[in-house]
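*Asks:* When you get a sec, could you build the whole thing from the sequences and use the hints?
Listed below, chain by chain, are the residues.
Number of protein chains: 2
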Amino acid sequence: MRILQRDLQDHIGARVSISGWIHKKRLLGGITFINVRDRSGLTQCVVKDEAEVEKLRGMQIGTVVTVEGMVVEESRAPGGAELHEPVIDVLVPVTEQPAIEVDKPIDHKPENQDTLFENRALNVRNIQEKKIFKIRSSLNRYIREHLHSQEYVEIQTPKLLAGATEGGAEVFKLDYFGQEATLAQSPQLYKQMMVGAFERVFEVGPAFRAEPSMTTRHVSEATMLDIELGFIDGHEDVLNAVQDMVYDVLTRVYDEHADDLKSLQAPQLTLTEKFPRFTVAEVHELYTKATKEDTTTEKDLIPAEERWICDYAKKKMGCEAVFVTEFPVEAMKFYHMINPENEQTVLWGDLLFRGLEIATCPQREHHYDTLVEQMKSAGIDPEHPGYKYYLEAFKNGLPPHGGCGFGIDRLVQKTVGLQSVKEATLFPRDINRLAP
Amino acid sequence: MRILQRDLQDHIGARVSISGWIHKKRLLGGITFINVRDRSGLTQCVVKDEAEVEKLRGMQIGTVVTVEGMVVEESRAPGGAELHEPVIDVLVPVTEQPAIEVDKPIDHKPENQDTLFENRALNVRNIQEKKIFKIRSSLNRYIREHLHSQEYVEIQTPKLLAGATEGGAEVFKLDYFGQEATLAQSPQLYKQMMVGAFERVFEVGPAFRAEPSMTTRHVSEATMLDIELGFIDGHEDVLNAVQDMVYDVLTRVYDEHADDLKSLQAPQLTLTEKFPRFTVAEVHELYTKATKEDTTTEKDLIPAEERWICDYAKKKMGCEAVFVTEFPVEAMKFYHMINPENEQTVLWGDLLFRGLEIATCPQREHHYDTLVEQMKSAGIDPEHPGYKYYLEAFKNGLPPHGGCGFGIDRLVQKTVGLQSVKEATLFPRDINRLAP
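From first to last, the protein sequence lines stand for chains A and B. First residue of the first sequence: 169, per the numbering used here; consecutive thereafter. First residue of the second sequence: 169, per the numbering used here; consecutive thereafter.
It is worth saying that the hints were derived from the structure and are not from the lab. A couple of the hints might just be wrong.
Same chains, same label: a pair holds when it works inside one copy or across any pair of copies.
Here are the simulated DSS-like cross-link-like pairs (lysine-lysine), alpha carbons at most 25 Å apart as the crow flies [what the hints assert, rightly or not]: (1) Lys563 with Lys299; (2) Lys442 with Lys483; (3) Lys341 with Lys544.
*Replies:* Right under this line is the structure:
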């Protein structure tokens, strides 16, 4: 019967069996020590018996073993106990030296990232690296738990589409039984349609963008959380819904993964229940005043401003998540709602966290006639079959609604404190990378 | 301040505001009645005032309204209360008659399915139809909660691949920045690789199969649950893991959605904690004996046997979920493990539920050399770049493991009692359908 490393302490003085990978092997004063890794941690085994040492000859890191031995208290061993007088059973021998050393810190320097991704299946065996993806799993879990508690219905919408989801952006195309199909850039149209039935919906899934540039912020296949919320009283309701989710999820992950985050040298969390909100114009003004670099004629935020405003809010308001609102109409998508109080701006807020845009959170135009006009202005043909069903949903009555496209990869990146969104992704895809 | 229909009972005698869609409208004895649908149910509003009746003139089903009125107890109204003396605010008028009647039962007959999918955004507004997808959302939720409780790590793996996941099956191909890419048929290779780091992983996501046939069981884009579990003692551990999850999830959904399932005329749940297990040979023998149709020379199960064995187990053993094991080697995939006790069969079990295969649950071959041999026998080139990283993971040590590919759409179908997997899918994809 296998026990896990974390339970060793309960078996002091007894013989138990552990299973895992040889994670480290060293010879010290004539004695062989091996660390065996299982999903809960590392077990140190003290191998003195010659026949047992012999079994380890030529066995490389990664060799899969079962070790039966006596549990002995040892304060210097991980978990405060180690195995003595072990009997080793090699389940799967590894005889070639692995391409990278998994028990050493993984180097995340930009120039090493190709090696990182090339050897991903190996480097996630590293104790530290693995934590990034356990935190990612928890973030996904807490997000869904929060949304279920708010009565959102999880939906799964198709990634194979007859038309592009959003005008203009780069799409992947493929042959679908003789017909041209595109890969969904987002569930945008579907989630809006589903507000008509469920009021509140969400989806977590892949989003495909034929993004030809190489940046630390973009991948051609991202994991996106899409939320849509009906019967809002105004744009504020959308921002509040996203804010409450992010506050809940981040405080929870910082609580339940405190040790992991500390050991990864993640920044401390500085968050208030209500996130500060600035208009784009206010950010330009504040930034220009502070840096003497004039951005007041810029329409959008420049990346330096995204970083600056988060630092500013952190210092002045104790919150490193902020909403920037009232983006200029020049940047709008056809499905955004123009601000009725200032038609030069859109009811669209971006959530920034630690200097990076994590989510776009607009209110949608829900009036059929206005929507059709906005499509035409954007150069999109409302008669295109890809929009037929979408427009029908508005004809059939959709309430005021809004939502967000939320980058899961980016949230993981910024939570852990990584340089690139790709480091937060198990197998990132970009213009140069389609494998592993 | 909006309240929901389900909370009306708490406000008897008070004036409240509800918001939703006009779901039904009728004139009875000179009085206009409207039912307003929100996400919790239907509110009956009794409209007598002429000015208010006038507001409803020409307003079709789907019109979005806020109704402010007095809550009056009324045992014949849904929820035991209705609104009197309403003041209606039309938020979004619907002036064209919807293509289908959403307050009438939706007809699921095979010949009506095109109409069903063509008008999906409208027919999920139907109270009954909507329940199917709320149950689907809950099934997804309970599955994840179960897997988290068993220490599985949720992963997200790429759908854009350099090579086909599994030899032979139909794949969609596309141009990826000048390189040929395929759409993942499953996360098979990735989840196996990740066992090397996390031991236990799962993923819920789309799987793409260029399936040229039209059946009630297949779609070209399915939602699959993929599970992989390391350090198993044998194939039994895989079957047990899937069995315990399914038992937990189904009993929970039948408990928490009891009313919904009853109103959908879903079959009663007949399940034992341990699911009966039969080998393929045993099913052939039992079926041949019972029906006089000789299937003993068949290698695989025929669909009639899948239905028959579930009925048989339900009647004889009180369980309508069964495992069928020891599939013949002729049907194996290269990554399956051949049964060491009978080399004509594979350590592969199918989970059948109510007559349909829901999941395939094999043990994997984890020995590098054997795996390479099996690839060659299957006509797959182990040197193909699509398998490079996969094979490296085995060289670096993978423990005994197994898992399942589990059809979420099929689980929903069979839980609710639908004829086709497509009815359990919001926007199904098949050879003839790429929209909506």
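*Asks:* As a check of your reading, is Lys442 near Lys483 (CA-CA no more than 25 Å) within one copy, between copies, both or neither?
*Replies:* within (15 Å within a copy, 58 Å between copies)
*Asks:* When no copy is named, should Lys563 and Lys299 be tagged within, between, both, or neither for a Cα gap of at most 25 Å?
*Replies:* between (48 Å within a copy, 23 Å between copies)
*Asks:* Within, between, both or neither: how does the pair Lys341, Lys544 come out at a Cα-Cα threshold of 25 Å?
*Replies:* Answer is within: at 23 Å inside a copy they meet the 25 Å cutoff, but 33 Å across does not.
In summary, this structure violates none of the numbered hints.
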